[in-house]
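Just so you know, we're using the numbering used here here: the sequence shown kicks off at 1 and counts up by one.
Keep in mind the hints are simulated off the structure, nothing from the lab. Take the hints with a grain of salt, since some may be wrong.
Straight-line alpha carbon distances no greater than 27 Å define the calculated DSSO-like cross-link-like pairs of lysine-lysine that follow [what the hints assert, rightly or not]:
#1 K71 x K14
#2 K57 x K2
#3 K32 x K58
#4 K71 x K58
#5 K263 x K74
#6 K57 x K74
#7 K2 x K58
#8 K57 x K32
#9 K57 x K14
#10 K57 x K264
#11 K14 x K74
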Amino acid sequence: MKINIPLLILEENKNFEEFSARVLKLALNAQKQNAQILLLPEFLAFELLSSFKSSRKKAEISTIAQNYGHKIMKLYSEVSRQTGVALAGGTLPLIENEQLYNVAGFYTPTGEIHLQKKLFLTPDELALGFSAGAELSTFTWQGLLMCQLICLDVEIPSVSAALAPQSLDLILVPSMVNDRCGNERVYGCSFARAIEHTCFVAGSGAGSSNGHYSGQNYFIHPQIPPFAGRGHSRIQAERAPALDEAQASIKNKTEVFEINIEKKQLAIETYGAIRPAFISAGAHSNFRVNSNSILRPEERTHDRSLC
């Protein structure tokens, strides 16, 4: 199976038709590259904002959630059906029971939708009115057991420990950060998850045309032979208002990676696997695990900035 991860530059003040065309173009490109999954970054829906400046965000995000939230979900589903490519990540603001959530989704060509609310929120997100989700779900598609950890969620050790018994194949990490410091944190913790779970980890984070956000994409292999030592690929981009030639050359760059589960299983059978998350799983009683999901206290947040 192949996954397509574009490195996107977000552009503010798009109308819905322009946004829809952008999503379709990305999916068609993934289709052309014979990818089965397209991983989109956190807050892709921010392209519908008139400005990325924080002074205007809060009211506009609520408006996007009310007017476009379910419309974007329908768009993702239709694009997936049309292209035969599953769309992952691409988080959007959704309102449920009068609460605003940051929600990732996995949309399949057959109409399945697996939603994931962000569990741990930054101060910026709290200031924008977001609420923390309470459930972390795993799901199976095309034989792969996977989950979605949105940005900060991949950095929380107790989440990883609670996931350990699930024997994941793939972790999807849509993200959005302010600068390279944030990129290093998300990437470093994703690498730790690949080690702990002996699984693939794919990440997508967008930059922005005015320098408000810094982007990266990456694909990390299970850190066991024959993957270890050459087990990752990564591209970073920061785009300031004035682009130089080198920065411009990686704008909206896309890469395709192979998820070879058979090779992973053979490697585990041959070499075994060390899974540190199992060691610490019993130390985190704030999670309750069942066969379908992982629950956490709804009021729990994480008091960190984006960097």
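Earlier hints that do not hold, by number: Result: hints 2, 3, 5, 7, 8 and 10 break, sorted rising.
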